[in-house]
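Asker: Here the protein sequences line up with chains A and B, keeping their order. No gaps in the numbering here: position 134 of the first sequence is 134 in the working numbering, and each next residue is one more. No gaps in the numbering here: position 81 of the second sequence is 330 in the working numbering, and each next residue is one more.
Keep in mind that the hints are not guaranteed to be accurate.
Residues from chain B shown here face chain A by an in silico Cβ test under 8 Å; the list is partial [to be verified]: (1) Asp-256; (2) Ala-328; (3) Glu-332; (4) Leu-336; (5) Thr-360; (6) Gln-362; (7) Asp-364; (8) Glu-367; (9) Ala-368; (10) Ala-370; (11) Val-371.
Selected chain A positions facing chain B (in silico; Cβ < 7 Å) [unchecked claim]: (12) Arg-59; (13) Arg-85; (14) Phe-89; (15) Phe-91; (16) Asn-93; (17) Ala-95; (18) Phe-97; (19) Leu-110; (20) Thr-114; (21) Pro-118; (22) Ile-178.
Taking CB as the label site, the calculated pair distances span [what the hints assert, rightly or not]: (23) B:Met-306 - A:Asp-76: 51 to 61 Å; (24) B:Ala-275 - A:Arg-78: 51 to 61 Å; (25) B:Arg-459 - A:Ala-71: 28 to 38 Å; (26) B:Ile-437 - A:Ala-71: 44 to 54 Å.
Source of the hints: derived by calculation from the structure; they are not laboratory data. These numbers come from a predicted model, not from an experiment. Virtual Cβ for every residue (Gly too), placed ideally from N, Cα, C.
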Amino acid sequence: MTADAPSAIRLVGLSKAFGSLTVLDDVTLDVRRGHALCILGRSGTGKSVTLKSIVGLIRPDHGEVYVGDDAITELDSRGLSRVRRNIGFLFQNSALFDSISVGENVAFPLRRHTDLSPREIEQKARAKLAAVGLEQDYAKMPAELSGGMRKRAALARAMALDPPILLADEPSAGLDPITAEEIDLLLVRTKEAGATLVVVTHNIPSARTIADELAFLHEGRVLARGSVEDLDRSEEPLVKQFMRSESGG
Amino acid sequence: MLATAGDGFVFAARAIGEACRPPFEARETLRQLYELGWRSVPLIGAAGFAVGIVLSMHTRSSLERFGAEALIPAGLAIALVRETGPLVAGLLLSGRIGAGIGAELGAMKVTEQVDALEALAVDSFRYLVVTRVVACVVALPLLTTLMNFTGMLGGWAAETAISGMSFDLYFRSAFSLIGFADYVPSTIKTMVFGFVIATVASYLGLNTSRGTEGVGLASTRAVVYSSILLIAVNVLLVRIIFFLFPESV
Chain A
1 MTADAPSAIR LVGLSKAFGS LTVLDDVTLD VRRGHALCIL GRSGTGKSVT
51 LKSIVGLIRP DHGEVYVGDD AITELDSRGL SRVRRNIGFL FQNSALFDSI
101 SVGENVAFPL RRHTDLSPRE IEQKARAKLA AVGLEQDYAK MPAELSGGMR
151 KRAALARAMA LDPPILLADE PSAGLDPITA EEIDLLLVRT KEAGATLVVV
201 THNIPSARTI ADELAFLHEG RVLARGSVED LDRSEEPLVK QFMRSESGG
Chain B
250 MLATAGDGFV FAARAIGEAC RPPFEARETL RQLYELGWRS VPLIGAAGFA
300 VGIVLSMHTR SSLERFGAEA LIPAGLAIAL VRETGPLVAG LLLSGRIGAG
350 IGAELGAMKV TEQVDALEAL AVDSFRYLVV TRVVACVVAL PLLTTLMNFT
400 GMLGGWAAET AISGMSFDLY FRSAFSLIGF ADYVPSTIKT MVFGFVIATV
450 ASYLGLNTSR GTEGVGLAST RAVVYSSILL IAVNVLLVRI IFFLFPESV
């Protein structure tokens with residue numbers, strides 16, 4: 001991880017509106033390879049839309065999204081599929097496939113995108129579940145898990161292919177403090193292994209643990225951006241209030 | 250309304266196009282064939298048997314007036330194979346399959362599972378829609394054939410209870426007037442029914458909004474719209490069959 005590492009993700013003048021509601025307004029951000037960016041902000045300020053734009057699930061009205069050298073907004077479905085194989089995405093509501101078991105959820109991307117044998121796939125899926133503390137829950141259905149366990153299983157699925165980029169939408173929301181800390185440390189280890197992280201969170205302690213850089217979104221715009229220390233020193237009232245809240249905004 | 254119809258038409262055309270283009274989702278298609286087809290066997294079998302009994306009783310009460318009881322098996326077989334079997338099977342399956350697909354895809358949509366598929370570099374249209382369409386197109390003729398057969402069994406059960414007619418005599422009499430032009434076109438017609446049910450239900454499911462209320466609405470509409478469309482398409486197909494197979498008039 002170096003300060004002059006090339007950009008893994010770049011958002012340039014990104015704007016998005018749903019009807020008359022402007023969610024993103026000229027957002028420009030970049031995340032260097034191997035770095036972690038935490039996006040902070042109050043609910044409804046466009047954080048999740050930013051993440052979904054990066055992976056091409058939402059098309060911006062204006063602006064460009066680059067993942068490496070690929071302009072996401074210009075790719076066809078095959079191109080998008082190629083880029084998405086290098087991105088793990090943790091959804092805010094987990095989005096586990098509820099018709100298959102937890103283990104099969106984690107094995108799903110391995111079956112789709114690798115040539116591993118069924119035995120190797122199961123071993124790897126079990127290892128990923130063990131990393132999030134769910135080694136005993138391979139055969140359970142998602143409906144049998146608590147909200148926090150579902151979130152951890154979804155994180156295991158997002159990391160199944162060891163993607164070089166991991167996008168996580170509130171990874172520690174709904175988790176007890178000890179599990180939240182374990183997830184934070186797992187994300188830090190993932191970053192240290194060379195992955196680029198973009199994490200949306202309300203949890204300031206998590207952000208302090210994970211982030212190399214913070215971006216504070218407000219009403220679709222980047223209100224403040226910099227290191228944890230930079231935002232700690234910010235004179236912006238909203239940012240000040242947010243950063244002082246140890247439990248999150 | 251027109252815009253929705255146009256969208257639906259484009260959706261259906263895309264389903265046909267994608268079904269003809271590799272890669273084929275064989276594993277998921279087989280799973281859908283099991284879920285939508287095999288698991289409908291008890292419903293279709295039981296319904297066919299009951300319809301056969303009722304049709305036999307009505308046929309007997311009509312033919313008795315002309316002293317033509319001997320024609321009961323053949324009359325029932327023709328009625329079942331040409332129209333009653335395909336239409337009743339289609340309507341029953343638009344209830345079971347249409348509601349199931351509408352609710353399942355609707356729930357997947359509102360819980361971001363469809364987005365999760367896309368984020369995992371899986372073409373959600375091919376994986377969710379094309380597999381269900383192909384499964385329905387394959388399953389409907391098979392289930393209709395089952396309905397025809399159990400209908401005739403029901404007819405024999407009713408007839409043997411009244412007149413003591415043997416199984417062998419009943420079925421030789423039933424098949425004596427049925428030809429290629431009776432069975433094949435009307436059974437192939439159900440492939441179109443399968444296509445209608447799966448595309449209408451998938452379209453409504455994937456366009457679900459407004460949370461759980463929307464899921465219920467998608468499910469109900471899937472049944473209502475696919476049933477109405479199925480009946481309308483049936484009128485058109487019967488005209489086409491009479492044109493192409495004049496011997497079946």
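Asker: Compare the structure with each hint and give your call.
Answerer: We went through each hint and held it up to the structure:
1. Taking 8 Å as the C-beta contact cut-off toward chain A, the hint placing Asp-256 (chain B) at the interface is violated, the least distance being around 17 Å.
2. For Ala-328 (chain B), the interface hint is violated, the least distance from its beta-carbon to any beta-carbon of chain A being 39 Å, above 8 Å.
3. A least Cβ separation of about 36 Å between Glu-332 (chain B) and chain A goes past the 8 Å threshold, and the interface hint is therefore violated.
4. Given hint, Leu-336 (chain B) at the interface with chain A, is violated; its Cβ is 31 Å from that chain's nearest Cβ, farther than 8 Å.
5. The criterion of a C-beta within 8 Å of any C-beta in chain A is met by Thr-360 (chain B), whose closest approach is roughly 6 Å, and the hint holds.
6. Of the supplied interface hints, the one on Gln-362 (chain B) holds, with its beta-carbon coming within about 5 Å of a beta-carbon of chain A, less than 8 Å.
7. With its C-beta approaching chain A no nearer than about 5 Å, Asp-364 (chain B) sits inside the 8 Å limit, and its interface hint holds.
8. A hinted interface residue such as Glu-367 (chain B) counts as satisfied when its beta carbon comes closer than 8 Å to some beta carbon of chain A; here the least separation is about 6 Å, so the hint holds.
9. About 4 Å separates the beta-carbon of Ala-368 (chain B) from the nearest beta-carbon of chain A, less than 8 Å, and the hint is met.
10. Because the closest C-beta pair between Ala-370 (chain B) and chain A is about 4 Å apart, less than 8 Å, the hint holds.
11. This hint holds: Val-371 (chain B) has a C-beta 6 Å from the nearest C-beta of chain A, less than the 8 Å allowed.
12. Restraint check, Arg-59 (chain A) versus chain B: the minimum CB separation of about 12 Å is more than 7 Å; hint violated.
13. Below 7 Å, beta-carbon pairs count as interface contacts, and Arg-85 (chain A) has one with chain B at about 5 Å; its hint therefore holds.
14. The interface hint given for Phe-89 (chain A) holds, since its Cβ lies 4 Å from the closest Cβ of chain B, which is under the 7 Å cut-off.
15. The restraint placing Phe-91 (chain A) at the interface with chain B holds, with a minimum CB-CB distance near 5 Å, inside the 7 Å limit.
16. Annotation: interface hint on Asn-93 (chain A) holds; nearest CB of chain B at approximately 6 Å, less than 7 Å.
17. A least Cβ separation of about 4 Å between Ala-95 (chain A) and chain B falls short of the 7 Å threshold, and the interface hint therefore holds.
18. At about 6 Å, the closest approach between the beta carbon of Phe-97 (chain A) and any beta carbon in chain B falls short of 7 Å, and the interface hint on this residue holds.
19. Proximity of Leu-110 (chain A) to chain B is violated relative to the hint, the smallest CB-CB distance being about 10 Å (cut-off 7 Å).
20. Using the Cβ-Cβ criterion of 7 Å, the hint placing Thr-114 (chain A) at the interface with chain B is not satisfied: the shortest such distance is roughly 12 Å.
21. Interface hint status for Pro-118 (chain A): violated, as the beta-carbon distance to the closest one in chain B is roughly 12 Å, over 7 Å.
22. Evaluation of the Ile-178 (chain A) hint against chain B yields a violated restraint, the C-beta minimum of about 27 Å exceeding 7 Å.
23. Judged by the Cβ atoms, the range 51 to 61 Å given for Met-306 (chain B) and Asp-76 (chain A) holds: they are separated by roughly 60 Å.
24. The hinted window of 51 to 61 Å between Ala-275 (chain B) and Arg-78 (chain A) is violated, with their beta carbons roughly 20 Å apart.
25. Between Arg-459 (chain B) and Ala-71 (chain A) the beta carbon distance is about 34 Å. The supplied range of 28 to 38 Å therefore holds.
26. One distance hint, 44 to 54 Å for the beta-carbon pair Ile-437 (chain B) and Ala-71 (chain A), holds here, with the actual separation near 47 Å.
When the structure is compared with the earlier hints, violations turn up for hints 1, 2, 3, 4, 12, 19, 20, 21, 22, 24 and for no others.
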